[in-house]
Amino acid sequence: MSSFRGGIHPMKRQHGGKRPTRDLPIREFISDSVCIPLGARQGPPSVPCVKKGDAVKVGQPIALPGPGPLGLPVHASISGKVTDVVRMAYTGDTPVMCVLIENDFHNTWIDGIYGQREFSAITPESIIPAIRDAGICGMGGASFPTHVKLSIPEGARCDIIIINGTECETFLTADDRLMRETPMRIVNGLRLVMRALSVSRGVIAIEDNKPEALKSILAASANLPGIEVKKLRTSYPQGGEKQLILTVTGREVPSGKLPVAVNAVVLNVATSAAIADAVLQGKPLIERVTTIAGCVKTPANLLLRNGTIIGDAIGECGGYAKTPGKIALGGGMTGICAPNDQVPMTISTSGIVVYDEEEAQSLDEQPCIRCGKCVGACPSGLRPYILKHYCDEGDLIGAQSEHVLDCIVCGSCSYECPAQRWLTASFKNMKDKLALAAKGGNGK
Amino acid sequence: MSLRISTAPHIRKGVTTQKVMLHVLIALVPCVIAGIYRFGFGAALLLAISMCTAMLAELIFQKLAKKPVTTNDLSALLTGLIVGLNLPPQAPWWLAVVGSAFAIILVKQLFGGIGDNFMNPAMAARAVLLASWPVHMTKFIAPINGNFGADVISGATQLTAINSVNSPLTLSGADLFNHFTGNIPGAIGEVSKAMIVLGLVYLLLTRVITWHIPVTMVASAALMSLILGGDPLSNIVSGGLLFGAVYMATDYTTSPMTKKGQVIFGAGCGIFVCIIRKYGAYPEGVTYAILFMNCLTPLLDKFIRPRVYGAEKKQKEAKADA
Ligand code: SF4
Ligand code: SF4
Numbered sequence: 002m003s004s005f006r007g008g009i010h011p012m013k014r015q016h017g018g019k020r021p022t023r024d025l026p027i028r029e030f031i032s033d034s035v036c037i038p039l040g041a042r043q044g045p046p047s048v049p050c051v052k053k054g055d056a057v058k059v060g061q062p063i064a065l066p067g068p069g070p071l072g073l074p075v076h077a078s079i080s081g082k083v084t085d086v087v088r089m090a091y092t093g094d095t096p097v098m099c100v101l102i103e104n105d106f107h108n109t110w111i112d113g114i115y116g117q118r119e120f121s122a123i124t125p126e127s128i129i130p131a132i133r134d135a136g137i138c139g140m141g142g143a144s145f146p147t148h149v150k151l152s153i154p155e156g157a158r159c160d161i162i163i164i165n166g167t168e169c170e171t172f173l174t175a176d177d178r179l180m181r182e183t184p185m186r187i188v189n190g191l192r193l194v195m196r197a198l199s200v201s202r203g204v205i206a207i208e209d210n211k212p213e214a215l216k217s218i219l220a221a222s223a224n225l226p227g228i229e230v231k232k233l234r235t236s237y238p239q240g241g242e243k244q245l246i247l248t249v250t251g252r253e254v255p256s257g258k259l260p261v262a263v264n265a266v267v268l269n270v271a272t273s274a275a276i277a278d279a280v281l282q283g284k285p286l287i288e289r290v291t292t293i294a295g296c297v298k299t300p301a302n303l304l305l306r307n308g309t310i311i312g313d314a315i316g317e318c319g320g321y322a323k324t325p326g327k328i329a330l331g332g333g334m335t336g337i338c339a340p341n342d343q344v345p346m347t348i349s350t351s352g353i354v355v356y357d358e359e360e361a362q363s364l365d366e367q368p369c370i371r372c373g374k375c376v377g378a379c380p381s382g383l384r385p386y387i388l389k390h391y392c393d394e395g396d397l398i399g400a401q402s403e404h405v406l407d408c409i410v411c412g413s414c415s416y417e418c419p420a421q422r423w424l425t426a427s428f429k430n431m432k433d434k435l436a437l438a439a440k441g442g443n444g445k
Numbered sequence: 421m422s423l424r425i426s427t428a429p430h431i432r433k434g435v436t437t438q439k440v441m442l443h444v445l446i447a448l449v450p451c452v453i454a455g456i457y458r459f460g461f462g463a464a465l466l467l468a469i470s471m472c473t474a475m476l477a478e479l480i481f482q483k484l485a486k487k488p489v490t491t492n493d494l495s496a497l498l499t500g501l502i503v504g505l506n507l508p509p510q511a512p513w514w515l516a517v518v519g520s521a522f523a524i525i526l527v528k529q530l531f532g533g534i535g536d537n538f539m540n541p542a543m544a545a546r547a548v549l550l551a552s553w554p555v556h557m558t559k560f561i562a563p564i565n566g567n568f569g570a571d572v573i574s575g576a577t578q579l580t581a582i583n584s585v586n587s588p589l590t591l592s593g594a595d596l597f598n599h600f601t602g603n604i605p606g607a608i609g610e611v612s613k614a615m616i617v618l619g620l621v622y623l624l625l626t627r628v629i630t631w632h633i634p635v636t637m638v639a640s641a642a643l644m645s646l647i648l649g650g651d652p653l654s655n656i657v658s659g660g661l662l663f664g665a666v667y668m669a670t671d672y673t674t675s676p677m678t679k680k681g682q683v684i685f686g687a688g689c690g691i692f693v694c695i696i697r698k699y700g701a702y703p704e705g706v707t708y709a710i711l712f713m714n715c716l717t718p719l720l721d722k723f724i725r726p727r728v729y730g731a732e733k734k735q736k737e738a739k740a741d742a
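So the protein sequences, as listed, match chains A and B.
Mapped onto the working numbering, the consecutive letters of the first sequence carry residue numbers 2 to 445.
Mapped onto the working numbering, the consecutive letters of the second sequence carry residue numbers 421 to 742.
A hint or two may mislead.
Keeping only pairs whose Cα atoms sit at most 20 Å apart, straight-line, the calculated EDC-like set for lysine to aspartate or glutamate is [claimed, not checked]: (1) A/Lys432 <-> A/Asp396; (2) B/Lys439 <-> A/Glu366; (3) B/Lys433 <-> A/Asp396.
Think of the hints as simulated: they come from the structure by calculation, not from any bench.
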């Protein structure tokens, strides 16, 4: 089997930090209120269509798609009363529009949800619009609108759908639990996408550190034509889209291109399950499984409604085990820091990891000792130690000549660096600058 | 609640520069013990002097230059120890002082400190000492083997003796064994090959280094000596080849970044050792071979680099489009 270059084993001795949660069944938690950000996905922010005081049901649209093909609707995740529609600070600098709903604890759904439709009753053309109407975006972290990903551009072709069940990130076990507990939804999602795009080959890729998930997915997909389950070597970032495509198909996505350039589409397992729910049951995307781990009293995998305040979810896990020093949404390698515990999680929040004060400290950056560990680790084949010089100096041209745009911001180089250098951070910064410059700004 | 905001990753491997240096120091402990056992407390004193000088030199230089003091990373201590281990046990104390100070100030700090020097400081120091005080640097004594009261008898290393008559280096069974265990005259650290191998195993297990440089260096030296008509095994166990291959050629800063580069680097070192041993004016080629390859390292790093994911196809495509 081909594989990507580089790669690391983060938190190897602690089994990737997955031990505390991997054997805990998914537990539903519905909080008193939610705060649903409308601009948390990629693409234009959705436009609110409810106002303060409105009563809403679960699954009812609270915001309409923003303009353009990337627009997505957003749905109420609990039933109750809209308490406010307001701009609020989220994880980024710019405040985003949020809809606040107070729970009436009736869990009243909109009509026409629970009927499971027959597979044969679904026409291929109806699938992608249904995915869009359900507000589905990538649940692996990138939160890119799924219907756009599935719209194969003119002239392009897709011959393989890959379902990403690698979950190579540290701490997270939400995908693992999903594969173990509801494998049929994942397999059905894959079948639907294959039908929509009339693709005959679907691969579900799972790292070999999840034997139970492998077994359960294998059983669920047995005798289904065209569906393969692939066991992959455990290595970070095996689940990186480009790395996964290379491992599974032997094809390399050309620099600066999308996976469809090599006729492949990759979807996360949770996304696949959401697709099955949307198409077969007409259920909009309003919840997800999130791993709550790190410095909390009882780590867990919680099924959370979109917009749950992370402090509430942490409270459900018994609260903090020690004074928290940092909270990051996502795993240890790529998570995004939350400014406080009053921000909401979203559909793309795969994990909430709490670090104690000691873990939150970072050692001072030291001079590079040219050990080459970063070069050995980089899955993109970059030379982080050189690239960092260009990025520190703000040299846009130099950074591009060292291929900063091919950096997938996986964090492997920083993880390995004995000099504790902030490699990934400076590359991300430079990529943001370049993206800004490309948009017409001056990059400063 | 005040939470820290930082960019990912939020976890680190926990290996620091200091820990890396500490591992190498630990890996050298067997060599140090063997050196002291073979050559007595004089050797211990030399090692202590060279380590202290190195630390002091770094401290004073950085204080005077108003730079942050980095002695905590232990790299100076390591350089000092390696300078000391490269000295003959009978060397005068000032040789250790000059060697360490030269290594730290001229080779390391003046080029910008840790990570910015292009030559291995300890190697460069040895080369300078060898060129400036050849008599002191090549006067070796026979081992006293723990008999600390014994008189020292000076003798030549096998290499010097053999090189002078210019015959191919071939050791017999008993000699080979003595070389392997270090029961021979030589520099403090490099005599006991068994201890060096022990250190190598430690460095490989702790993943401080990989096999690429030491193995290719030794293998290519063996091959080259065969080509030049010598005995590979004798060449491997004599002189500073193993010590250089394990502790000096593997220096991060002055060796290539990629595995491919490291293989070429190691092979180059091995080849040049044999060539210098056979044709050079100095009996021992390890120092110069490694320094020479150190100078080639920037070039190796410039041309040997990993292929960027997705890059080659882009070029092909561009060609196809044109
Ligand atoms: S963050 Fe970028 S440079 Fe660093 S290892 Fe990942 S892809 Fe390579
Ligand atoms: S891992 Fe850190 S110290 Fe090592 S070469 Fe890369 S940047 Fe330098």
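Comparing the hints with the structure gives:
no.: 1; hint: A/Lys432 <-> A/Asp396; verdict: holds, 12 Å
no.: 2; hint: B/Lys439 <-> A/Glu366; verdict: holds, 15 Å
no.: 3; hint: B/Lys433 <-> A/Asp396; verdict: violated, 29 Å
In summary, the one numbered hint that this structure violates is 3.
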